[in-house]
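J.: Here the structure of chain A is known, so what remains is to put chain B with the ligands in place on it, guided by the hints.
Here the protein sequences come in this chain order: A and B. Residue numbering for the first sequence follows the numbering used here, beginning at 1 and increasing consecutively. Residue numbering for the second sequence follows the numbering used here, beginning at 1 and increasing consecutively.
Incorrect hints may have been included.
Pairs of lysine to aspartate or glutamate, DMTMM-like flavour, derived with a Cα cap of 20 Å [to be verified]:
#1 A/LYS166 x B/ASP221
#2 A/LYS2 x A/ASP45
#3 A/LYS166 x B/ASP355
#4 B/LYS558 x B/ASP221
Restraint ranges, calculated between C-beta atoms of paired labels, are given here [to be verified]:
#5 B/PRO307 x A/ALA66: 29 to 37 Å
#6 B/ALA391 x A/LEU174: 34 to 42 Å
#7 B/ARG224 x A/VAL231: 55 to 63 Å
Worth flagging that the hints you see were computed from the coordinates, not collected in a lab. Quick reminder that beta carbons are idealized off the backbone N, C-alpha and C, glycines included.
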Amino acid sequence: MKIVVLLSAGRHPVSGAPVLPRMEAQAIRIAAALGEAVGLHAGPDAEAVREALGLGLTHIEHIAVADGLDPVPALAARLAAMAPDLVLAGRRGQGGPESGIVPYALAEALDLLLIPDVVAVSGGPDTLTLDQSLGRGALRRVAVRGPVLATVHPDAAAPLAYAFGKARRGTIELVGAAAKATDVPEAVVEERPYRRRPKLVKGAPTGGSAAERLKAATGEGGSATKGRLLVEPDPEEAAREILAHLRQIGVLADASKSAK
Amino acid sequence: MTSLMPLTTVFPGLVWLMAALALVQGLRRAALWRVGAAAPVAWLDGLAKLPKRYLVDVHHVVARDAYASRMHAVVAGGLLAASILTALAILPPIAGFRPYWFVVALAFGVTAVGSLLVGARRYPSKQKRLSAGRFQILPFLLVAYAVGGTATALLLAFGIGGVFAPLALALAAAGGLGLAFEVRHGPMRHAAAGALHLVAHPRPGRFEGRPDTALQPLDLDAPRLGSEMPADFTWNRLLSYDACVSCGRCEIACPAFAAGQPLNPKRLIQDLVAGLSPAEPAYAGNPYPGGRQAQGERGALAGLIGPDARIHPDTLWSCTTCRACVEECPMMIEHVDAVVSLRRHQTLERGALPDKAVGPVTELRQSGDPGGRPLSARTDFAAGVDLPVMAERGGAEILLWLGEGAYDLRYGRSLRALIRLLREAGVDFAVLGAEERDTGDLARRLGDEATFQALARENIATLAKYRFERIVTADPHALHALRNEYPAMGGRYTLAHHTAFLLELIRAGKLNPARLPDLSVTYHDPCYLARYNGETEAPRAVLDAIGVSRSEMARSGKRAMCCGGGGGAPVSDIPGERRIPDIRMAQAAETGAGIVAVACPSCTAMLEGVTGRHAEIRDIAELLLQAVEAGR
Ligand code: SF4
Ligand code: SF4
Numbered sequence: 001m002k003i004v005v006l007l008s009a010g011r012h013p014v015s016g017a018p019v020l021p022r023m024e025a026q027a028i029r030i031a032a033a034l035g036e037a038v039g040l041h042a043g044p045d046a047e048a049v050r051e052a053l054g055l056g057l058t059h060i061e062h063i064a065v066a067d068g069l070d071p072v073p074a075l076a077a078r079l080a081a082m083a084p085d086l087v088l089a090g091r092r093g094q095g096g097p098e099s100g101i102v103p104y105a106l107a108e109a110l111d112l113l114l115i116p117d118v119v120a121v122s123g124g125p126d127t128l129t130l131d132q133s134l135g136r137g138a139l140r141r142v143a144v145r146g147p148v149l150a151t152v153h154p155d156a157a158a159p160l161a162y163a164f165g166k167a168r169r170g171t172i173e174l175v176g177a178a179a180k181a182t183d184v185p186e187a188v189v190e191e192r193p194y195r196r197r198p199k200l201v202k203g204a205p206t207g208g209s210a211a212e213r214l215k216a217a218t219g220e221g222g223s224a225t226k227g228r229l230l231v232e233p234d235p236e237e238a239a240r241e242i243l244a245h246l247r248q249i250g251v252l253a254d255a256s257k258s259a260k
Numbered sequence: 001m002t003s004l005m006p007l008t009t010v011f012p013g014l015v016w017l018m019a020a021l022a023l024v025q026g027l028r029r030a031a032l033w034r035v036g037a038a039a040p041v042a043w044l045d046g047l048a049k050l051p052k053r054y055l056v057d058v059h060h061v062v063a064r065d066a067y068a069s070r071m072h073a074v075v076a077g078g079l080l081a082a083s084i085l086t087a088l089a090i091l092p093p094i095a096g097f098r099p100y101w102f103v104v105a106l107a108f109g110v111t112a113v114g115s116l117l118v119g120a121r122r123y124p125s126k127q128k129r130l131s132a133g134r135f136q137i138l139p140f141l142l143v144a145y146a147v148g149g150t151a152t153a154l155l156l157a158f159g160i161g162g163v164f165a166p167l168a169l170a171l172a173a174a175g176g177l178g179l180a181f182e183v184r185h186g187p188m189r190h191a192a193a194g195a196l197h198l199v200a201h202p203r204p205g206r207f208e209g210r211p212d213t214a215l216q217p218l219d220l221d222a223p224r225l226g227s228e229m230p231a232d233f234t235w236n237r238l239l240s241y242d243a244c245v246s247c248g249r250c251e252i253a254c255p256a257f258a259a260g261q262p263l264n265p266k267r268l269i270q271d272l273v274a275g276l277s278p279a280e281p282a283y284a285g286n287p288y289p290g291g292r293q294a295q296g297e298r299g300a301l302a303g304l305i306g307p308d309a310r311i312h313p314d315t316l317w318s319c320t321t322c323r324a325c326v327e328e329c330p331m332m333i334e335h336v337d338a339v340v341s342l343r344r345h346q347t348l349e350r351g352a353l354p355d356k357a358v359g360p361v362t363e364l365r366q367s368g369d370p371g372g373r374p375l376s377a378r379t380d381f382a383a384g385v386d387l388p389v390m391a392e393r394g395g396a397e398i399l400l401w402l403g404e405g406a407y408d409l410r411y412g413r414s415l416r417a418l419i420r421l422l423r424e425a426g427v428d429f430a431v432l433g434a435e436e437r438d439t440g441d442l443a444r445r446l447g448d449e450a451t452f453q454a455l456a457r458e459n460i461a462t463l464a465k466y467r468f469e470r471i472v473t474a475d476p477h478a479l480h481a482l483r484n485e486y487p488a489m490g491g492r493y494t495l496a497h498h499t500a501f502l503l504e505l506i507r508a509g510k511l512n513p514a515r516l517p518d519l520s521v522t523y524h525d526p527c528y529l530a531r532y533n534g535e536t537e538a539p540r541a542v543l544d545a546i547g548v549s550r551s552e553m554a555r556s557g558k559r560a561m562c563c564g565g566g567g568g569a570p571v572s573d574i575p576g577e578r579r580i581p582d583i584r585m586a587q588a589a590e591t592g593a594g595i596v597a598v599a600c601p602s603c604t605a606m607l608e609g610v611t612g613r614h615a616e617i618r619d620i621a622e623l624l625l626q627a628v629e630a631g632r
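Only chain A is shown next, with the shape it has when bound in the complex (with noise of 0.2 Å):
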């Protein structure tokens, strides 16, 4: 089985320190279990990853990208090329200049299946069975045909320990440089110094018994259990639901409010 797992440039969450984010870390961990899994990087210096061949890589492809281009374009051909039946990629960035659209970009430029927060992987090459997590510790499993982009979720097993021996026996091996200067997207984030913030749990009683706010608080009964499954739903009806519960969680205005 072929598993292609992308690499990143990241940053350690309080040294600041170039590291390999950690999801990737447990990516590669999930990767080298089930068999020889190549890592791809797309940027302007492979050295940022060296760090993944201590950590169960062999081998890294690495496309320079120069900084502040779209590495997408570059990454969807290579994968295009190595048609792999595995993509492992971390759900989110850590600190670097990529962030967790790519994965998304990726799936849609080559059309792939993406299924997100996988905390582990299993059979293969036809049919892969990926665990999925849904938060607070629910899982679902589903069972994919054919190649398949996952991003890992922080509740995976915990990455590897990193050996020396290994990082300095790995390759790093060019593959290419980005064809031509493609427009990064316009950024539509803000960007704001991280600043924690109590966390409220929306719909929780106010009242009721300790217990009561504790159950609430503790995710049992949820969103994660209190939600309705829908099997291929009239798109519809989709869309419904989803209006419903974004607005129920307190995501989007009340409707009936907004109107007045």
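T.: Just chain B with the ligands now, kept in the frame of chain A:
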């Protein structure tokens, strides 16, 4: 008279034959050491110093067991003297001189007494720490050789021949040749390998009166890192393991063994011995606790570590690197070096750290602190205390190294006490603050030499920016790394442990403590201060200066028992039957002291964590501060 002539030749001839057999057996074994890696050995120097190393250094350790010491002096001295005297009698003028044979008989007689002493340790029942197996035959061989030798020499002295002579000679031959045969696999190997080991010891500094305890740096460009199989050790290390006499002194000193964790240093060394040669007889001592007895592959190229190999990884990770085994070993074997060398291979080449240790070592590598905490938070413990920072001052007389303990709430109290004492004494000091990284001690003990070296380089670069005369630290692990291990990385500093520094301040009259005679205190020696640095007096002198009533635990000073906090053992957390700190606190309770004085953040944390303890845990600095405040 003519019938005696053959005996005067045959008897010395027997000793020459024994020597030849011992040589052959020894060379057969020595051939195996040649698979080991090369090592620099100062042969002439070692040879010249052999008598001193044996008579002073080895004897110093052996003498801790008075019985064993007397036994060994008598039996080994007698055996050597009797054999050499007999061998010399190959010269006809000596052989014909009858009084000479009286002297020989006397020497054999002494050997016989020693042989009985050897036997008394094993029969009717063997001391628990000793190994059985071939060692159980040893007293018989010794008695046969000694009694046969005595009888033959007496016959020669009195000039009696007849039927007794061949009988006595046969007895001596059976014992003597048996002993010589045992040089390859049996108990007598310790004599040959032991002597050679003293000459070619990998840490000759040990014999020069200074603690030679720094781990040797690993060349990170070497083709293979650490030791995976016997052939990865240097030849003189292989030789050193062969010197093991299976006395079990290391075993009864080992805290991990006492706690029922799967480690027995004697068995570990014997596994390294047996791993080298498939012909080695079976191990006959106490097993690894937990009852694991895997045999695994053997041979110079056989892997030593693994779930099915001779040494289970848990055995390796149980070690606290306390050096108690090294301190007690009469054969001067370096167990900790062996453990770390094997760990280096596991960690660097295989990434096979114990699960629980992966997090701290990763954080250490990525952020310079095993807890992944911001380096700037290291000084949070001193909130409200004026703590000068080097970056603002550029220099100070004393650089105060805080260490990892600074992040710990409990230990912060000890550090605050130390800082107040320094202020009180008007010491010009500063800390590195956010620039201080971990010394890398934890990474190094767990085999991650790459991370240690990286951290050492960064710290050395930081220290190079500032002017200071000395580094003072309350953490013996940091002290050991900075004082003994950084020089090999290019950083040379003068270090003082806070207990030694505080003693200086008291003696200089800068601190004037009152006396606290109501406190009953017993002092727990940190391994990294006492055994690694030989400092046992200063902390006691400080306690005496404040006049507490001080009592000693049965194991104290350089022979103290570990708290369980070193060598990454707390993060590896290999399960046992008991916990090491519980055992140590029980030993402290035996003294009846109300306070256990400590001088190390790891000891503080380990001993404070003991449930149901009655004694308080107080750092020396805290006690001194109390005395100084009482004196105002
Ligand atoms: S260093 Fe300490 S824990 Fe390790 S084997 Fe020796 S006595 Fe046991
Ligand atoms: S290693 Fe040393 S202390 Fe331990 S059994 Fe062997 S000779 Fe004795």
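J.: Taking 29 to 37 Å as the hint, is the beta-carbon distance of B/PRO307 and A/ALA66 inside that range?
T.: Violated, at about 48 Å.
J.: Note whether the CB distance of B/ARG224 and A/VAL231 lies within 55 to 63 Å or breaks it.
T.: 56 Å, holds
J.: Next pair to validate is A/LYS2 with A/ASP45; report whether the Cα-Cα distance is within 20 Å.
T.: With a Cα-Cα distance of about 25 Å, the restraint between A/LYS2 and A/ASP45 is violated, given a limit of 20 Å.
J.: Check whether the Cα positions of A/LYS166 and B/ASP221 lie no farther apart than 20 Å.
T.: 12 Å, holds
J.: Taken at face value, is the distance from the CA of B/ASP355 to the CA of A/LYS166 at most 20 Å?
T.: 18 Å, holds
J.: Is it true that the CA of B/LYS558 sits at most 20 Å from the CA of B/ASP221?
T.: This hinted pair is violated, its Cα atoms lying about 36 Å apart.
J.: Is it true that B/ALA391 and A/LEU174 lie within 34 to 42 Å of each other by Cβ?
T.: At 41 Å between Cβs, range holds.
The structure does not agree with the numbered hints 2, 4, 5 stated previously, though it agrees with the rest.
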